[in-house]
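Visitor: Chain residues, written in single-letter form:
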Amino acid sequence: MFLHNLKYELLSSYRVKDLIIWLIIFPMILGTLFKAAFGNIYENISTFKTIPAAVVVEDGIDDTVFRQVMDSMTEGDEPFLKVTYTDKDSALEMLRKDDIKGIIVCGEKLSLTVSGTGSEQSALRSFADQYNNTQHIVMEALKNDPASAQKVIMSLQEDCSPVSSKPMTQGNTDNFIQYFYNLIAMVAIYGSVTGLHITVNNQANLSPLGARKCCSPTPKAIGLGASLIGSYIVQSGCMIICVSFLRFVLDIDFGDRLLLVYISAICGGILGVSLGFFIGSLNKFSFGMKTGLCMTISMISCYLSGLMVGDIKGDIASNTPWLNNINPASVISDCFYCLNIDSDYSRLKVKLLTMFALSAVFSVLGIIITRRKKYAYI
Amino acid sequence: MLIFKTFFKVLRKHLPVALIFIVAFVMISLNMVKSSNKEKVFEDVKLDVCVFDQDDTPESRKLCEYMSSRYNMVTIENDQNTITDALYYERADFIMTIEKGYAEAIAEENCDGLFTSYHMHPSYAEALVQQFLQEYVKTVRAGIAGGMDIGNAIDLAEETLSQQTEVSYAEYDENADSDFSKGLANYFNYMAYILISVIMSALCPVLLAMDKKDIRYRTSCSGIVSSSYLLQILTAAALFITGIWLVFSIVGIFLSGGMYHGKALLALLNSYVFSITSAAITVFITSFSPSANVVNLMTQVVGLGMSFLCGIFIEQSLLSGGVLAAGRFLPAFWYIRANDMLSGTTAYDSGKFMMCIAIELGFAAAFSLLSLVVRKIKLGQTAVKSSRLSVAENKG
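Going line by line, the protein sequences match chains A and B.
Each residue of the first sequence is one higher than the one before, counting from 1 in our numbering.
Each residue of the second sequence is one higher than the one before, counting from 1001 in our numbering.
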């Protein structure tokens, strides 16, 4: 009887259009959009590109040293700058047309003219700062103690690497990938709608199917158990499709522990179904209200996890870290983060245990509320 | 005015969905306008830096003190996982340790390996602070080489590095950027997503309800002239769109802390034109008579699709060439391009701005024409079916 119920639970689930649209098609579309939007950002930010700039030398300025510096900046396969020497009006016109990122004006000191803000403009300013500071030190040394000026110049020219950089992970450091983690978390939490249908299809006051099931001789534990297991399987299927699509079609790098990514996603799906099952079992509300409750909780959970605003998780971590530890979507997306960033499994274990605990609490509460429910009339 | 009244009666039922979007947008906007003031490009607003001072000497403390005047110092637990999370989620732009022996090494003009910085991925923030540290150390070393003691050399470095290059903005228009702050620009950018989502989610079901076969037939055989019917529907839809646009415009006044001036008025015009284009897209989609599920999916796909491909959620300058090329075929691309000009992200050119507005209007006209074509084809098909049915009935 259990297997019979399970079979029809699975068959009927895959015929629900909502499920196909929101748990399979929608994540695919959203994932593709994420890929289109975020696919190149990391590369754009981390890959240096030569900055086009115009140089305007003011009248009466000896620019011999400056030109030497600029020549060194424009040498090589991928130089720091691509410089055009011109007059002020032409430079402004070039800036207006966005042919250059800024105008370096060589006067007594270097100054900069830009038309917008961005990393290139920031790099130009940094270069100008460095030039001005070096010039200032040399001029001061020549003014105060010409005898030691040579030593100062030698010291400034000497190489210096005071900062040694330590990478924190060997994993994929593209932080835009967290949107894909949150997308998987969203699919998992949307599983609450699947979970909601378990109680709807088993409660006589919510659907004709529920009424039919209530008056059938099948024990409630078997019917409910089959629905719950069936929903877990259906949701797991959706999770596998989602992860496979992201990994193999969109080529998202989840690290080298893909099996654990699948397992974490499935556990997340089970958590989503359990959450929906618990909400569905709350007897006081109508089906519409329960659906609204499911969607609201799902969206808030995903928002707090960073699906809409990527930085929010970091803000929560610094202000209310406990929220990240109990928010279902955050816990799910953290699993993928830990699998990618951490070299050990300590944090992953905690996250998986949290998921199991939350799933168990929601399922047990749902069963307690739903069991032994009888209807004198509907 | 029967049709006009009925339109709003049906609309009232779908307003809660629109209200959810509006409330969510206003809530997010509050956060967005606040956070958008965190401009990290120039040093006007400081980078978030965390320093672990393991040397703990007067020299290292002086460096920390000077860094706190340049950067926003944040406190983070000195633990591998916390540092990793802070860098990944950008709670700190730069985290470093001043190594033990810093003071001794710098006094001996030995400048290598004084600091350890932690990084997840290369960033301009990291490059900028590293460059600052290098300059600081080089200047101190130059001071010592010039005969100064360590204290005076540190003072020289602080004084020298405090002098920053003068940066001016090229003004191509007399209207000042202060009329259209970065925060307000972000608000208007995100408004494109919410306008299309609200208009589609509320207007689609109303138009579909009014366009149901039975209701359409009933209206067609009533005494209402078809031009009057169309006029009433258009007036009601225009009123609804204007209402939604007004709500967001008024919210914008509160968020920006004052009435719109100068370029902000042009942004208002841009947003209104985009509302019209959104309505035209809605009418086009409803002309295919989709089901409720498909309408919901289309709302998400069109709204999110434009947001990701046109630069609403991510700046256009960060999008790849391919995405931008695809985005050009969507109205939101031109909406954002116009806003970018107003906010100073790209150089302002009144001719180019008006061209963006004209392209948006062109999209509205194109979608309206396409809707008419689709409706005409559908009506033709219905007429053919009806005539075939009547012929069959006559034969029968």
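Simulated from the structure, these hints should not be mistaken for lab results.
Careful, some of the hints might be misleading.
Unchecked claim - Below 25 Å or equal to it, Euclidean Cα-Cα: the simulated PhoX-like pairs (lysine-lysine) are:
1. Lys1213(B) - Lys1352(B)
2. Lys1212(B) - Lys1013(B)
3. Lys284(A) - Lys1013(B)
4. Lys17(A) - Lys1013(B)
5. Lys97(A) - Lys1182(B)
6. Lys1213(B) - Lys1378(B)
7. Lys17(A) - Lys49(A)
8. Lys1100(B) - Lys1062(B)
9. Lys17(A) - Lys1212(B)
10. Lys166(A) - Lys284(A)
11. Lys7(A) - Lys17(A)
12. Lys7(A) - Lys220(A)
13. Lys1352(B) - Lys17(A)
14. Lys97(A) - Lys1352(B)
15. Lys220(A) - Lys166(A)
16. Lys1100(B) - Lys166(A)
17. Lys166(A) - Lys143(A)
18. Lys49(A) - Lys97(A)
19. Lys88(A) - Lys1376(B)
Note that the structure is predicted; figures quoted are calculated from it, not measured.
Visitor: All hints, please: hold or fail.
Guide: Going through the hints against the structure:
Distance hint between Lys1213(B) and Lys1352(B) is unfulfilled; the C-alpha atoms sit about 44 Å from each other, more than 25 Å. Annotation: proposed proximity of Lys1212(B) to Lys1013(B) holds, straight-line Cα distance about 16 Å (limit 25 Å). With a C-alpha separation of about 24 Å, the suggested pair Lys284(A) and Lys1013(B) falls inside the 25 Å cut-off, and the hint holds. For the hint linking Lys17(A) to Lys1013(B), the alpha-carbon distance of about 24 Å falls within 25 Å, and the restraint holds.
Annotation: proposed proximity of Lys97(A) to Lys1182(B) holds, straight-line Cα distance about 22 Å (limit 25 Å). At most 25 Å may separate the alpha-carbon atoms for a hinted pair to count; Lys1213(B) and Lys1378(B) meet this at roughly 12 Å. A hinted pair counts as satisfied when its Cα atoms are at most 25 Å apart, and Lys17(A) with Lys49(A) does not qualify at roughly 48 Å. Note on Lys1100(B) and Lys1062(B): the hinted pairing holds, with a Cα-Cα distance of about 15 Å set against a maximum of 25 Å.
Between Lys17(A) and Lys1212(B), the direct Cα distance comes to roughly 22 Å. Compliance with the 25 Å bound is thereby established for this hinted pair. In summary, the hint linking Lys166(A) to Lys284(A) is not supported, as the alpha carbons are separated by about 56 Å, beyond the 25 Å threshold. Under the criterion of a C-alpha separation no larger than 25 Å, the hint pairing Lys7(A) with Lys17(A) is consistent with the structure, at around 18 Å. With a CA separation close to 17 Å, the supplied pair Lys7(A) and Lys220(A) stays within the 25 Å bound.
The hinted pair formed by Lys1352(B) and Lys17(A) fails the criterion: a straight-line CA distance of about 45 Å is larger than 25 Å. Distance restraint check for Lys97(A) and Lys1352(B): the Cα-Cα separation of roughly 11 Å lies within the 25 Å cut-off, and the hinted pair is therefore satisfied. The hinted pair formed by Lys220(A) and Lys166(A) fails the criterion: a straight-line CA distance of about 59 Å is larger than 25 Å. For the hint linking Lys1100(B) to Lys166(A), the alpha-carbon distance of about 16 Å falls within 25 Å, and the restraint holds.
Between Lys166(A) and Lys143(A) the CA atoms are separated by roughly 41 Å; this puts the pair beyond 25 Å, and the hint is violated. The suggested pairing of Lys49(A) with Lys97(A) holds, with an alpha-carbon distance near 19 Å, which does not exceed 25 Å. Distance check on the hinted pair: Lys88(A) and Lys1376(B) sit about 58 Å apart at the alpha-carbon level, beyond 25 Å; violated.
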